[in-house]
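Peer 1: Make the full structure from the sequences, and use the hints.
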Amino acid sequence: MNSNSGPPKGYSVPRHKGKGEQRCQYCSSTDHWSYACDKKEKSKQKAAGSFSKLSHTQMLKYGIKRKLTEFVPQPTEREAYEAELKSLERMIGDELRQKKKATEGKNVDKSKKIKPDPTEAKKEDQDQTP
19 MNSNSGPPKG YSVPRHKGKG EQRCQYCSST DHWSYACDKK EKSKQKAAGS FSKLSHTQML
79 KYGIKRKLTE FVPQPTEREA YEAELKSLER MIGDELRQKK KATEGKNVDK SKKIKPDPTE
139 AKKEDQDQTP
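The opening position of the sequence shown corresponds to residue 19 in the working numbering, with each subsequent residue numbered one higher.
Hints are computed from structural coordinates only; laboratory data are not their basis. Just so you know, nobody snuck in bad clues.
Cross-link-like lysine-lysine pairs, in silico, DSS-like; alpha carbons within 27 Å at most:
hint	residue 1	residue 2
1	Lys117	Lys104
2	Lys58	Lys71
3	Lys104	Lys118
4	Lys71	Lys83
5	Lys57	Lys71
6	Lys71	Lys85
7	Lys104	Lys119
Peer 2: This is the structure we're talking about:
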C-alpha cells in the first residue's frame, strides 16, 4: 500500500484546519477555548438569574396565560373597494330616507289644512241643531 494515496477506503478523510480563527463562544477571544473561559460562568448566571422562562406546566399551574397573537391580513383592493361601496350606499340611503320623511311631513300638514274632514263637519252641525 502506498501511504501517500490517502486513507483506506471506508475511512474518513482527516480534517484540516480552516482558514478562520478559532474563537471562544462566550467572549470571542482567540486566546483560549470555550471550556476554559472565565466569563462562561458569569454569562450562565446572567441568563439564569434575572429571567427564568416558565415551562408550559408551570404556566398552567399558576394560571398564567400567554397573550394570543392573531394574524389579521390587510384587506385586498377588492375588499376595500366593496367596503367603501357599502358605506357610500348606506350614506345615500340615509339621506334619501331623511328627505322622504321631510317631504311626507310637509304633505301631511298641507293636506290637513286644505281638506277638512267631512265627517267632523257633519258632527258639528248635528250637535248644534237639537
